[in-house]
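Q: These are the residues of each chain, in order.
There are 2 protein chains.
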Amino acid sequence: MNRNIGRLRERLAPLGVSLRPHLKTAKSVEVARAVMTTPQGPATVSTLKEAQFFADAGINDIIYAVGIAPWKLAKVIELRKRGVNLAVVLDTIEQAQAVAAASRGAGDAIPALIEIDCDGHRSGVLPGDKDRLIAIGKALVEGGELRGVLTHAGGSYSARGAEALARCAEQERRSVVDAAAILREAGLPCPVVSVGSTPTAHNAADLSGVTEVRAGVFVFFDLVMAGVGICQIDDIAISVLATVIGHQREKGWILVDAGWMAMSQDRGTAKQEINQGYGVVCDSSGRPYDDLILADANQEHGIIMVRPGSQKSLPDLKIGDRVRILPNHACATGAQHRSYHVVHGASDIVEAEWQRFGGW
Amino acid sequence: MNRNIGRLRERLAPLGVSLRPHLKTAKSVEVARAVMTTPQGPATVSTLKEAQFFADAGINDIIYAVGIAPWKLAKVIELRKRGVNLAVVLDTIEQAQAVAAASRGAGDAIPALIEIDCDGHRSGVLPGDKDRLIAIGKALVEGGELRGVLTHAGGSYSARGAEALARCAEQERRSVVDAAAILREAGLPCPVVSVGSTPTAHNAADLSGVTEVRAGVFVFFDLVMAGVGICQIDDIAISVLATVIGHQREKGWILVDAGWMAMSQDRGTAKQEINQGYGVVCDSSGRPYDDLILADANQEHGIIMVRPGSQKSLPDLKIGDRVRILPNHACATGAQHRSYHVVHGASDIVEAEWQRFGGW
Chain A
1 MNRNIGRLRE
11 RLAPLGVSLR
21 PHLKTAKSVE
31 VARAVMTTPQ
41 GPATVSTLKE
51 AQFFADAGIN
61 DIIYAVGIAP
71 WKLAKVIELR
81 KRGVNLAVVL
91 DTIEQAQAVA
101 AASRGAGDAI
111 PALIEIDCDG
121 HRSGVLPGDK
131 DRLIAIGKAL
141 VEGGELRGVL
151 THAGGSYSAR
161 GAEALARCAE
171 QERRSVVDAA
181 AILREAGLPC
191 PVVSVGSTPT
201 AHNAADLSGV
211 TEVRAGVFVF
221 FDLVMAGVGI
231 CQIDDIAISV
241 LATVIGHQRE
251 KGWILVDAGW
261 MAMSQDRGTA
271 KQEINQGYGV
281 VCDSSGRPYD
291 DLILADANQE
301 HGIIMVRPGS
311 QKSLPDLKIG
321 DRVRILPNHA
331 CATGAQHRSY
341 HVVHGASDIV
351 EAEWQRFGGW
Chain B
1 MNRNIGRLRE
11 RLAPLGVSLR
21 PHLKTAKSVE
31 VARAVMTTPQ
41 GPATVSTLKE
51 AQFFADAGIN
61 DIIYAVGIAP
71 WKLAKVIELR
81 KRGVNLAVVL
91 DTIEQAQAVA
101 AASRGAGDAI
111 PALIEIDCDG
121 HRSGVLPGDK
131 DRLIAIGKAL
141 VEGGELRGVL
151 THAGGSYSAR
161 GAEALARCAE
171 QERRSVVDAA
181 AILREAGLPC
191 PVVSVGSTPT
201 AHNAADLSGV
211 TEVRAGVFVF
221 FDLVMAGVGI
231 CQIDDIAISV
241 LATVIGHQRE
251 KGWILVDAGW
261 MAMSQDRGTA
271 KQEINQGYGV
281 VCDSSGRPYD
291 DLILADANQE
301 HGIIMVRPGS
311 QKSLPDLKIG
321 DRVRILPNHA
331 CATGAQHRSY
341 HVVHGASDIV
351 EAEWQRFGGW
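So the sequence lines, in the order shown, correspond to chains A and B.
The first sequence begins at 1 in the UniProt record's numbering and counts up one residue at a time.
The second sequence begins at 1 in the UniProt record's numbering and counts up one residue at a time.
Warning: the hint list may mix true and false statements.
To be verified - Cβ-to-Cβ under 7 Å is the rule here; a few derived chain A residues that face chain B: (1) S46; (2) F53; (3) V66; (4) A69; (5) A74; (6) I245; (7) R249; (8) G252; (9) L255; (10) D266; (11) Q299; (12) H301; (13) P315; (14) L317; (15) G320.
It should be emphasised that the hints constitute simulated quantities derived from the structure, not laboratory data.
Ideal placement from N, C-alpha and C gives every residue a C-beta, glycine not left out.
Next comes chain A alone, as it looks inside the complex (with noise of 0.2 Å):
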């Protein structure tokens, strides 16, 4: 988890900007320490739950990455009279005017950025949708304040290799900026420019115009991020403990008692060149182990077989045993978890237990 820190931080320094990671991978405060460049943020969080429970950790300068629901907004008001520099995301016309009129009401203009769709992948305004824009920059200040524009290249997940990745990483940041181009030219102001995804922060070659990266699951990584050739498999900070409690010799199945409880089910791989089923098993000291992969998971129950095609045959592992198996998304194993156990390198010492919640 150190080094992939260490590594992302070592990439954007050049580049120019700031990093405001994502919390939602870990919901964990001693994760949001170490990722932070300060113990008071920047920070991105997915939940207004995310938000308080990071509030109460100290952190005062937070994103709230998720389009707001005008009913909402009491809760980011009280949020912010507590101190925190709360910010929402926003890309009509309505919430701009909602936030517009919970501002004048509260007597506190509330910051809040345009979210740009840069890839037809969720929420956002297309970046040459000007009049939009621009109409939702006006309604804004009109008691709010217009703190910029963000974007999150989600399309980058399906994007393969550093050439294409680069690309999706120059597609975003072009999205921003010129967004925000059209906001200035407009008048209004557009002080931050936000950009952010694992792949693209690791793979863009040029940030001119942008003020900030946000990015979550690089402090982690799984075997997605692997799959899109972002991280290696001995880079996974993340795994599952689990025990052998039976075979199936017949089927050359081992069965061990982590399942989709566990894992999640999370299938990202079953779209990439290489299907890691629920997961990449490895022996207690985190050593993959040949081609062998939970193949099949019921609520408690994990199936670990040997890759289909492969000429490998099954480890001799017997009742009691323990893996660790990798997980295809972190951001959804780690969800399933109420702690993390630290473990430094192979060792399985843990050194100590650090909380996570949930919940909204």
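With the hints as your guide, set chain B onto chain A.
A: Chain B in isolation, oriented as in the chain A frame:
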């Protein structure tokens, strides 16, 4: 929920079996008390954390229905010392020897059920594998207690229609009744003959020789169970309340603040006749919109669309409006939440909040 519980009770009463509900679906003391025959049980659990949690709530007749690992026996003994009639499950001689040895060490005959593989779904001894069954039984009684046999017709989840499900139920019944006969013929005890899955529990025509039925998801039901034909959409007693946070009108998308973190990534209906995406979208009182599904999901973003091929149009949902989303799999969606907000029928008044626990 109460109607679903009543329905299974009425169904099982004339079949002369007791109900040992699986508490893994809800992981809630309040739901457990509603679904069990008595406040003390009997009950089924999928982790020792559940066993401990429910023991703390006064439940004292529990089967831990996932194959036992030897190192977990210390915890089993600890719970049994507290007065919990906790039984374990196993399917190998090694496990039986470990249970027998631990029983001798603790001066407490730990009860164990031999798991039978009725349909090749995951773990268990084949019902006709006489030698292995008897060898396990004999190893067990050298200190431990042979409580009986147990199976789970996991394959019934992919069957369709009452006739096919009745055949699954009969295959499930026959597998344990046959295994019990083999053990008894060998002079071994087999007082408990346990079957269970929601689809077979609702379709078994005859349960002769069976002493108890385990079932879990019947308490809430879900879209997968509706697809199997066990319930109607209107029986589903669990939903996720979400808020509209945006639109991509050209694409026919409505964005909500419920993604896979709220719904889980269970896509169980993808293999069924009607693919429900990540869930069926209802108005805030729980009435489904025509052909409206949560078609895609990111961590905290959901994309609502009209079902592919449908001629229906999107309902006029505005930013801030709320919808309820029915899940594919109640066990998986419940696991994403820390509590249940309890409402009566179509009311939106929260009458209680029931805590849910997780972890291992």
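Q: Next step is simple, just say for each hint if it's right about the structure.
A: Hints and how they fare:
Taking 7 Å as the C-beta contact cut-off toward chain B, the hint placing S46(A) at the interface holds, the least distance being around 4 Å. Because the beta carbon of F53(A) sits about 13 Å from the nearest beta carbon in chain B, more than 7 Å, this interface hint is broken. Hint status for V66(A) relative to chain B: holds, with the closest Cβ pair at about 5 Å, below 7 Å. Because the beta carbon of A69(A) sits about 4 Å from the nearest beta carbon in chain B, less than 7 Å, this interface hint is met.
The criterion of a C-beta within 7 Å of any C-beta in chain B is not met by A74(A), whose closest approach is roughly 13 Å, and the hint is violated. Taking 7 Å as the C-beta contact cut-off toward chain B, the hint placing I245(A) at the interface holds, the least distance being around 4 Å. Residue-level restraint check for R249(A) is violated (minimum Cβ-Cβ distance to chain B is 10 Å; threshold 7 Å). Contact between G252(A) and chain B, as hinted, is not supported at the beta carbon level, the nearest pair being about 13 Å apart and thus beyond 7 Å.
Satisfaction of the interface hint for L255(A) is found here, the shortest Cβ-Cβ separation to chain B being roughly 5 Å, below the 7 Å cut-off. Given the 7 Å rule on beta carbons, the hint for D266(A) holds: about 5 Å separates it from the nearest Cβ of chain B. For the restraint placing Q299(A) at the interface with chain B, the shortest Cβ-Cβ distance is roughly 6 Å, inside the 7 Å limit, so the hint holds. Interface restraint check for H301(A): the shortest CB-CB distance to chain B comes to about 5 Å, inside 7 Å, so the restraint holds.
The beta carbon of P315(A) is not positioned within 7 Å of any beta carbon in chain B (closest approach about 17 Å), and the interface hint is therefore violated. A least Cβ separation of about 12 Å between L317(A) and chain B goes past the 7 Å threshold, and the interface hint is therefore violated. For G320(A), the suggested interface contact is upheld, since its CB lies about 5 Å from the closest CB of chain B, less than 7 Å.
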